[in-house]
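Engineer: The chain contents come next:
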Amino acid sequence: MSRRTLILIIVLIGITAVLLAIALTPKQAPAPVRQKPTSSISYAQTILRISNNPTAVNSTSSATPTYSTEVTITTGNNMVNAVQLELAFDASHLYNVDIKPGQLFQNSAELLKKVDNQKGTISYAIASPLGQKGVSGIGIVAVITFQEKGNPGELARINFLPKTLVTALGTDKSVLKTAVGATFPIAGTLPSSPPQNTGSPSGQPVYSR
Amino acid sequence: MGNLLKKALEFISTSSHSRTVSIIVILVIAAAIPLTVITSQKQQEIRQRAADIIPTPPIVPVGGNCGAFGCDGPNLRVDWERNSLAYYGYTVRLYKAGTSTPACLGITNPCTGSGQTVNTSFTFTGLSPGSYYDLYVFVSASPSNIFWKYYAKLGPTGACTGGFCSSPPTPTPIPTSRPTPTPIPTQGAKECFGGCYGLTSCVGCDRYNTNCNTTTGACTAQGSLNKANDPTCGTSCAPQTPTSTPTPIPWSLSAPVVSGSNVTFNFSPASNGNVGIHVIFNPDTGIAAWDSGPIPSGRTSIAWNGAPPGNYSSALVFATTTLAGPRNFTVSGTNPTLTPTPRVNPTPTTPPGVTATPTPTRTVTPTPTPTPTIPAGNTVFALTIGLDGLGSTGDNANPGNSSGSNKNPKRPSRNIKIEVFVGSGESKANKSGTLTYQTGSGKFTGNVDMGTLASGNYNVKVKSDGYLKRLVPGIQNVTFPSETIGRTYNVPAVNLVAGDINGDNAINILDYNILISCSVFSTDNHGACNGASIANSQYAVLSDLDDNGAVNQFDYNLFIRELSVQNGE
Chain A
1 MSRRTLILII VLIGITAVLL AIALTPKQAP APVRQKPTSS ISYAQTILRI SNNPTAVNST
61 SSATPTYSTE VTITTGNNMV NAVQLELAFD ASHLYNVDIK PGQLFQNSAE LLKKVDNQKG
121 TISYAIASPL GQKGVSGIGI VAVITFQEKG NPGELARINF LPKTLVTALG TDKSVLKTAV
181 GATFPIAGTL PSSPPQNTGS PSGQPVYSR
Chain B
1 MGNLLKKALE FISTSSHSRT VSIIVILVIA AAIPLTVITS QKQQEIRQRA ADIIPTPPIV
61 PVGGNCGAFG CDGPNLRVDW ERNSLAYYGY TVRLYKAGTS TPACLGITNP CTGSGQTVNT
121 SFTFTGLSPG SYYDLYVFVS ASPSNIFWKY YAKLGPTGAC TGGFCSSPPT PTPIPTSRPT
181 PTPIPTQGAK ECFGGCYGLT SCVGCDRYNT NCNTTTGACT AQGSLNKAND PTCGTSCAPQ
241 TPTSTPTPIP WSLSAPVVSG SNVTFNFSPA SNGNVGIHVI FNPDTGIAAW DSGPIPSGRT
301 SIAWNGAPPG NYSSALVFAT TTLAGPRNFT VSGTNPTLTP TPRVNPTPTT PPGVTATPTP
361 TRTVTPTPTP TPTIPAGNTV FALTIGLDGL GSTGDNANPG NSSGSNKNPK RPSRNIKIEV
421 FVGSGESKAN KSGTLTYQTG SGKFTGNVDM GTLASGNYNV KVKSDGYLKR LVPGIQNVTF
481 PSETIGRTYN VPAVNLVAGD INGDNAINIL DYNILISCSV FSTDNHGACN GASIANSQYA
541 VLSDLDDNGA VNQFDYNLFI RELSVQNGE
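Keeping their order, the protein sequence lines are chains A and B. For the first sequence, my numbering assigns the number 1 to the initial residue and increments by one for each residue that follows. For the second sequence, my numbering assigns the number 1 to the initial residue and increments by one for each residue that follows.
Pulled out of the complex, with its shape left as it was, chain A reads as follows (with noise of 0.2 Å):
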């Protein structure tokens, strides 16, 4: 056997070793696929805010003008997909309290929809159809429909309670970090100056997490 065969034969058996050593190691474990929860430094990044500007939905000169109102929401980075609002209003300017789901999720599920027009509560939670990822973005939650009574000027509240919650997909906490609720004249007038819903002193509709 020639010189040049014996350093071929060589030559191809390390090829071949490398190759096969390279085959057979063991690799590390693949990061794994499963959507981590989104980190605890900043995962509830969830803003709540109900509007502070009622619109007359069926003005007659007869009835009663029926307004109403909305939630909207600013999911930040979480990809939400079930909110529960717990609301407090002044059933002594506000009656016939209604709500009903808006626009954030598509063929929501109404998971609880409780409606006290005595106390002044409401408790409504409405989800993502099953089967769907969350949403992110900004959309409406929920519009409040109610009616009014005292006197024109004097102030309507409605707050958010501390129940409310906002859960996104990959995390078991509430992803809400703050719920800015509403406080409106009654009546239809409008104020001097619009009230502030965040940051007064009072910081009654405003809480956050």
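Keep in mind that the hints were calculated from the coordinates and are not lab data. Each hint should be verified, as a subset may be incorrect.
[To be verified] Each computed DSSO-like pair below joins lysine-lysine, with the alpha-carbon atoms no more than 27 Å apart: (1) K431/B <-> K461/B; (2) K163/A <-> K461/B; (3) K177/A <-> K113/A; (4) K417/B <-> K163/A; (5) K428/B <-> K417/B; (6) K119/A <-> K469/B; (7) K461/B <-> K407/B; (8) K431/B <-> K417/B; (9) K431/B <-> K469/B; (10) K113/A <-> K133/A; (11) K163/A <-> K177/A; (12) K469/B <-> K163/A; (13) K114/A <-> K469/B; (14) K428/B <-> K469/B; (15) K469/B <-> K113/A; (16) K431/B <-> K410/B; (17) K177/A <-> K133/A; (18) K469/B <-> K417/B.
Once you've looked at the hints, dock chain B against the given chain A.
Structural biologist: Frame of chain A; chain B shown alone:
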């Protein structure tokens, strides 16, 4: 071209060149082997990753208490109720069984029904009596995924044999006429929704739907829709022949014979396999104290062993119909018989999950964790707890209807925490123990050592993992008339509301989110279920509200029904 080949052959045939070529060929072959291995491994890896990334389609095998039932002849009706797919929008299609041939000819509604309306009905007509059909339900949001699938057996026109099953209702032929009362066949029985299947009674009726009118044989309904005497079904059901109706039988129930904690019920004539003894508390608390279930044919008596002390009322029943009774009785002798060693003896060697057969000298039912011995002189609370969705306990929406509850929970032992307060709110005791499922009564029972709790009037709260805390109704007058019979206080039975998965003593969307994440409907790859929280190791277990070993639509529906009770007491 020919020249080129000729030159190549000459080149190879040259001795020095042929050696080189041979080596190159061997080199290529040798390199190909490990390269092939590497390539195939990478492909497999890619497939594996793809399988992990793509969420499992929400295909739920079968079943569900959506409240569907059909009737007979050429027509088949499908009802959807609240708390089912009505929330999500759905599509219904009917096919000849085992085929992809639509069987919707002549349907009065569109062949493919869909919508979100609560309590919607679809009627399929022009079908073949006696044939089998597959009813598919698709979630509108995922139209390619079968959500539920039912098998429908249509009986001959005019006979009440319709209904839906989660599995084909044969291999054994279903009788086309009503037989004389016989034991209910087990095949398909518990899985069927409505319909009578040629039997003398409706079997497997879900919590919302049908019972069988024992006089007429008509399918009647109970529950949230209150569809009693449903016109579509009722008129299709054949009237009963006199020999097949149990009502003419002059049932009688003798006064129960109480011996210590054992109660014997004697009745006549002999059981036809469909009657049973139902015991409630006296006065009625709305909670069944004990239920015998169907008494085997031929028997004229049945015993309730280990009955807790108390006043009871018993009746001989057929389904929800009282045949004889009520008969009131009192049990007074079930306190543990004091022996020279007045201790409750655990039996740690007994396998977990075995329910004890109560005997006059009561022993604690074996549990996975041995129950600590209770020192003599300590106060013992004897508890009877109903857990919603399990055993003989209904749910928040229908507390008294347990027809849809799981009678064979996978976890027969449950922890229980007991808080004792005085009127001012001052805590007097805070203890925990273990309860064990009793198959006879469908309740969880057990004794808990309350330490040296003094006699007095107390408020008592109980809680178990996965359930809301509940205040036992009334003020508990914990007194012991005679120390010689022990210091065991029988806490009035209460039911606990299911759904507090995260243990915050509230039922809300946090629990909902965990349940969905742990379920077959998960869209976060079970992220919230198996997330980083330390306290969530039990999420998957506690999400299985009906404790049947799977987190699926049954748990979802039960959760929705429980959700209106938001906070524990």
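Engineer: The structure should be examined with respect to each hint, and the outcome stated for every one.
Structural biologist: Now for the hints, and whether the structure bears them out:
{"no.": "1", "hint": "K431/B <-> K461/B", "in the structure": "holds (11 Å)"}
{"no.": "2", "hint": "K163/A <-> K461/B", "in the structure": "holds (23 Å)"}
{"no.": "3", "hint": "K177/A <-> K113/A", "in the structure": "holds (23 Å)"}
{"no.": "4", "hint": "K417/B <-> K163/A", "in the structure": "holds (25 Å)"}
{"no.": "5", "hint": "K428/B <-> K417/B", "in the structure": "holds (14 Å)"}
{"no.": "6", "hint": "K119/A <-> K469/B", "in the structure": "holds (24 Å)"}
{"no.": "7", "hint": "K461/B <-> K407/B", "in the structure": "holds (25 Å)"}
{"no.": "8", "hint": "K431/B <-> K417/B", "in the structure": "holds (6 Å)"}
{"no.": "9", "hint": "K431/B <-> K469/B", "in the structure": "holds (14 Å)"}
{"no.": "10", "hint": "K113/A <-> K133/A", "in the structure": "holds (22 Å)"}
{"no.": "11", "hint": "K163/A <-> K177/A", "in the structure": "holds (13 Å)"}
{"no.": "12", "hint": "K469/B <-> K163/A", "in the structure": "holds (18 Å)"}
{"no.": "13", "hint": "K114/A <-> K469/B", "in the structure": "holds (21 Å)"}
{"no.": "14", "hint": "K428/B <-> K469/B", "in the structure": "holds (17 Å)"}
{"no.": "15", "hint": "K469/B <-> K113/A", "in the structure": "holds (22 Å)"}
{"no.": "16", "hint": "K431/B <-> K410/B", "in the structure": "holds (25 Å)"}
{"no.": "17", "hint": "K177/A <-> K133/A", "in the structure": "holds (21 Å)"}
{"no.": "18", "hint": "K469/B <-> K417/B", "in the structure": "holds (9 Å)"}
In terms of the numbered hints stated before, the structure departs from none.
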